[in-house]
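Q: Protein chains in written order, with this note's numbering: chain C, 1 to 519; chain D, 1 to 405.
Please note that the accuracy of each hint is not assured.
Mimicking DSSO-like on lysine-lysine, the simulated pairs with C-alpha atoms at most 27 Å apart in a straight line are [said to hold, decoys possible]: (1) K402(D) - K352(D); (2) K395(D) - K303(C); (3) K119(C) - K145(C); (4) K245(D) - K184(D); (5) K256(C) - K14(D); (6) K278(C) - K362(D); (7) K491(C) - K363(D); (8) K349(D) - K331(D); (9) K246(C) - K184(D); (10) K56(D) - K488(C); (11) K488(C) - K463(C); (12) K402(D) - K273(C); (13) K147(C) - K168(C); (14) K318(D) - K248(D); (15) K151(D) - K488(C); (16) K256(C) - K331(D); (17) K517(C) - K66(D); (18) K476(C) - K213(D); (19) K213(D) - K248(D); (20) K395(D) - K305(C); (21) K363(D) - K517(C); (22) K150(D) - K184(D); (23) K476(C) - K463(C); (24) K466(C) - K402(D); (25) K48(D) - K488(C); (26) K395(D) - K466(C); (27) K402(D) - K463(C); (28) K463(C) - K395(D); (29) K385(D) - K362(D); (30) K303(C) - K352(D).
Not close to chain C: a few residues of chain D, all C-beta gaps over 10 Å, as computed [stated by the list, open to error]: (31) P330; (32) I401; (33) Q403.
Hints in this document: simulated from the structure, not taken from any laboratory.
In this text, all values refer to a predicted model and were calculated from it rather than measured experimentally.
Every residue gets a Cβ at the ideal spot worked out from N, C-alpha and C, and that includes glycine.
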Amino acid sequence: MTIKTIINAAGRSVPLVVNNQPVVPYKGVGKHRPVGGKYSPPIPTCSDYPADGNKVVKSLEEALRKCGLHNGMTISTHHHMRDGDLISNKIFEIASAMKVKDLVWFPSASFPCNDPVIKFLEDGTINRIEGSMNGPLGRFVSEGKMKGTAVLRSHGGRVQAIQDGEVKIDIAVLVAPAADSFGNAKGTGGKSSCGVLGYAKADSMYASKVIVVTDNLIDIPCYPMEIEGNYVDYVVVVDKIGIPEKIVSGTTQVTKSPDRLLIAEMTAAFLEKSGILKDGITMQAGAGGTSLAIAVYLHQILKQKGWKAKFGFGGSTKYMVNMLEDGQMGVILDAQAFDLDAVRSVEENANHVPYPVFNAYNYHSKGNLTSMMDIMILGATEVDLNFNGNVVTHSDGYLLHGIGGWQNCLHARNVILPLPLFRDRIPVIVDEVTTLCGPGEMIDVIITERGIAVNPLRKDLIKSIKGSSLPLRSIKELKDEAERICGKPQKAQFEDKIVAVVKWVDGTVIDVVRRIKTK
Amino acid sequence: MIKKITTTGNAGPKIRSDCEITLELRQRGGIVIDLTSRVQTLYGESIKDLCRDIFKFFNIRNAVVKINDSGALSFVIAARIEAAVKNLTDSALEYLPEMNGENKYATTAGRLRFSRLYVPGNTPSMMINAGLHSADGIILDLEDSVAPGKKDEARILVRNALRQIDFRGAERMVRINQGNTGLKDLHCVVPHNVNLILIPKCETKNQVERVEKEIDAIRKKLKISNPVFLMPIIESALGIENSFKIAKASKNVVALAIGLEDFTADLGVPRTAEARESFYARTRLVVAAKAAGIQPIDSVFSDVDDMEALRQNVIVSKSLGFEGMGCIHPKQVNVINQGYAPDEAEIEKSTKIVVAFNEARKKGLAVVALGSKMIDPPVVERAQKVLDLAIRFGKLSQDWIKQIP
Numbered sequence: 001m002t003i004k005t006i007i008n009a010a011g012r013s014v015p016l017v018v019n020n021q022p023v024v025p026y027k028g029v030g031k032h033r034p035v036g037g038k039y040s041p042p043i044p045t046c047s048d049y050p051a052d053g054n055k056v057v058k059s060l061e062e063a064l065r066k067c068g069l070h071n072g073m074t075i076s077t078h079h080h081m082r083d084g085d086l087i088s089n090k091i092f093e094i095a096s097a098m099k100v101k102d103l104v105w106f107p108s109a110s111f112p113c114n115d116p117v118i119k120f121l122e123d124g125t126i127n128r129i130e131g132s133m134n135g136p137l138g139r140f141v142s143e144g145k146m147k148g149t150a151v152l153r154s155h156g157g158r159v160q161a162i163q164d165g166e167v168k169i170d171i172a173v174l175v176a177p178a179a180d181s182f183g184n185a186k187g188t189g190g191k192s193s194c195g196v197l198g199y200a201k202a203d204s205m206y207a208s209k210v211i212v213v214t215d216n217l218i219d220i221p222c223y224p225m226e227i228e229g230n231y232v233d234y235v236v237v238v239d240k241i242g243i244p245e246k247i248v249s250g251t252t253q254v255t256k257s258p259d260r261l262l263i264a265e266m267t268a269a270f271l272e273k274s275g276i277l278k279d280g281i282t283m284q285a286g287a288g289g290t291s292l293a294i295a296v297y298l299h300q301i302l303k304q305k306g307w308k309a310k311f312g313f314g315g316s317t318k319y320m321v322n323m324l325e326d327g328q329m330g331v332i333l334d335a336q337a338f339d340l341d342a343v344r345s346v347e348e349n350a351n352h353v354p355y356p357v358f359n360a361y362n363y364h365s366k367g368n369l370t371s372m373m374d375i376m377i378l379g380a381t382e383v384d385l386n387f388n389g390n391v392v393t394h395s396d397g398y399l400l401h402g403i404g405g406w407q408n409c410l411h412a413r414n415v416i417l418p419l420p421l422f423r424d425r426i427p428v429i430v431d432e433v434t435t436l437c438g439p440g441e442m443i444d445v446i447i448t449e450r451g452i453a454v455n456p457l458r459k460d461l462i463k464s465i466k467g468s469s470l471p472l473r474s475i476k477e478l479k480d481e482a483e484r485i486c487g488k489p490q491k492a493q494f495e496d497k498i499v500a501v502v503k504w505v506d507g508t509v510i511d512v513v514r515r516i517k518t519k
Numbered sequence: 001m002i003k004k005i006t007t008t009g010n011a012g013p014k015i016r017s018d019c020e021i022t023l024e025l026r027q028r029g030g031i032v033i034d035l036t037s038r039v040q041t042l043y044g045e046s047i048k049d050l051c052r053d054i055f056k057f058f059n060i061r062n063a064v065v066k067i068n069d070s071g072a073l074s075f076v077i078a079a080r081i082e083a084a085v086k087n088l089t090d091s092a093l094e095y096l097p098e099m100n101g102e103n104k105y106a107t108t109a110g111r112l113r114f115s116r117l118y119v120p121g122n123t124p125s126m127m128i129n130a131g132l133h134s135a136d137g138i139i140l141d142l143e144d145s146v147a148p149g150k151k152d153e154a155r156i157l158v159r160n161a162l163r164q165i166d167f168r169g170a171e172r173m174v175r176i177n178q179g180n181t182g183l184k185d186l187h188c189v190v191p192h193n194v195n196l197i198l199i200p201k202c203e204t205k206n207q208v209e210r211v212e213k214e215i216d217a218i219r220k221k222l223k224i225s226n227p228v229f230l231m232p233i234i235e236s237a238l239g240i241e242n243s244f245k246i247a248k249a250s251k252n253v254v255a256l257a258i259g260l261e262d263f264t265a266d267l268g269v270p271r272t273a274e275a276r277e278s279f280y281a282r283t284r285l286v287v288a289a290k291a292a293g294i295q296p297i298d299s300v301f302s303d304v305d306d307m308e309a310l311r312q313n314v315i316v317s318k319s320l321g322f323e324g325m326g327c328i329h330p331k332q333v334n335v336i337n338q339g340y341a342p343d344e345a346e347i348e349k350s351t352k353i354v355v356a357f358n359e360a361r362k363k364g365l366a367v368v369a370l371g372s373k374m375i376d377p378p379v380v381e382r383a384q385k386v387l388d389l390a391i392r393f394g395k396l397s398q399d400w401i402k403q404i405p
């Protein structure tokens, strides 16, 4: 069957219908302007709920049955339990036992611990996943084995889809490290503490039915209320919602690789010499080993100069917490805590503030936190000669990562991608990205161990570092060097069948992923 | 019976940028390639093409080759296959990858050798980016970091690395093995623009002469014009006693290095952090080197996680007269470079000397004095060298002279 496609504003061939729903092709950055009202879930009546506020039911199965679980529903979960998540898979075990078919799983991210859902994709319990695909799940989808078409969204794009009704959540199953019987819940406390529940807010507000699952039922009121009980239908108490050591790392670690450290050092030098780094800056860096090393270097420079970052946006780590506690950062706004120091800081420090992605990244927000950020450190699997970025597939064509907040973060003032020029033998800078996730006009600087390429659109940045000792190269020169070392790679081969679509932050389709050609 | 099957290279979950080759020569059946690669989609065909080309080069028509590849670059795969072929045949042919155009430079006897980065000779993943860390020299090591059974394949890998890897201006060094294995090493690597050979466990000047004679023969035969310098490593009590003779054994000896692990073992005492047990040997070696007009180079510092201890160690080393130190991890390079670079007091004194000299010349004075001290031309020359270094290490601005009131 051939699907009708059109060339979108990024020059990519995309379908007009996905999973039997019409979709809008990408039109350009900030061009899509939806009209009308926000989606609203069915209206509840408080007299339908227990007068004593006790919404606890016996089991997750009972809660799902009471929510009317049936064929074709959309089930949402958040990823705060990360690779220690013990509940998401259980939802589909229950559904499979109930012979429910064609569910849509709508997670904010999936992890290797979710690989067991492959069997529920195979037995028809789940039709498709609209969320990130990692490891074996990504291979499964790339090889065309999933019945429906995957839809990949950024964290902000997920909230956008919820708010404008592109995705209507039937049941949200939201685990919480602490909750009361009314459904108020938070990210700290108990044995499964994850610090912050920054990804649960929109789901709780917009789902038709909401189940809170906790292993730590506390007396009402559970506060501060990251999930408000007013939105919650049922509360389920289980022994364990997650495996603690897999929820947060005991400690996140700066990279030990000398090559990555060199990249981090060059990044810090670039930020200093270009004048981007100054007193009162705002910044965000991830939890990868190179990003952490950059945070350490920036901390040193700020301290040396007596400067202070106004605020940082988390994912928080101990390195950001160190800046906060050392006086080099005013406030941490935080959507997720990555390690134990970050969890402790959220609990103890009034200047470490939970801040849901609902507020930070959302296309339907009245403003965008990321566009207020001065320094944004991001990764990518590939970048091309036009500075376009790919984060979802590898050069061999397989889906291996989610978008996360990556697309949303591109709106920052200075988007810096510190990347190795090649990983093992695979060049990171290519002629054209395998999958387009972010348009090149939004990516400002690529920093590799063999040189720094500044986007020619950023004439101001190029001028600011003129005459510095930084190793500036054109992106073409970097690509040529990678190919001289690694050899020119062959291209991955695809069939026509579309296995996944990649949404831009506004809900339009920026690119697709096609089925891998296997011999 | 002649061996018909062999394995070279490395494979395993932690191995990167390498491959394992299992080669079996057959009587018939043509070339059969069984490739498993982490980069199959992107480089599968080119790996097979390379493989066929190598067999053609060695005139092998029937073979089964199993390649287990973890993202090895072509020159690595080629080295592994060549090593396998040579394990099974007595071919003297060499399948040489192209010489990187950036790699043809020569170095000078007096150049700086603050930092020399050791890279194990059979570990490709550590070679590829070795040039990025601003070491003065890169040592591809065929001696202690290569297992005895891997010497032959490491030699071929190092040869290919000398041709392909961009050393980015670092002095291209190889540490050869002792004795006859070392001479074999020379024949394999010297033709590929090695700037300096490290001679391990050197105890007598005869060892230096033997190495030099072999190198001379190779240079003459192949008409190599770039010099090949020598750095003997003294690692025993006898070596220390002979250090001046070793330093003077050839005009190509440009530095003497000391290896304290083996030296303390030879003394029969533990190596301590205070290093009192090696104080005499270190100062004796410094004096011998200086007397011979060459650079004394200190032993490596083995705790790669303790940067502060390394910094302190370099301060002591510099105060004893050493002019460089080996690095066993790239992150040591910067600490060592900065440590041997001129300090504030040296820089200040040197600027005064150069300024006084310029003033005197302007006034047409023949005799230059700074305060009550006369300044000779060699003093000015040395001061200028210090300032050049200070500029190079970012400790002095390029136009410092304009900033002086």
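Q: Which constraints among the numbered hints does this structure fail? Numbers only, ascending.
A: Going through the list in order, the structure violates hints 6, 7, 8, 9, 11, 15, 18, 21, 30, 31 and respects the others.
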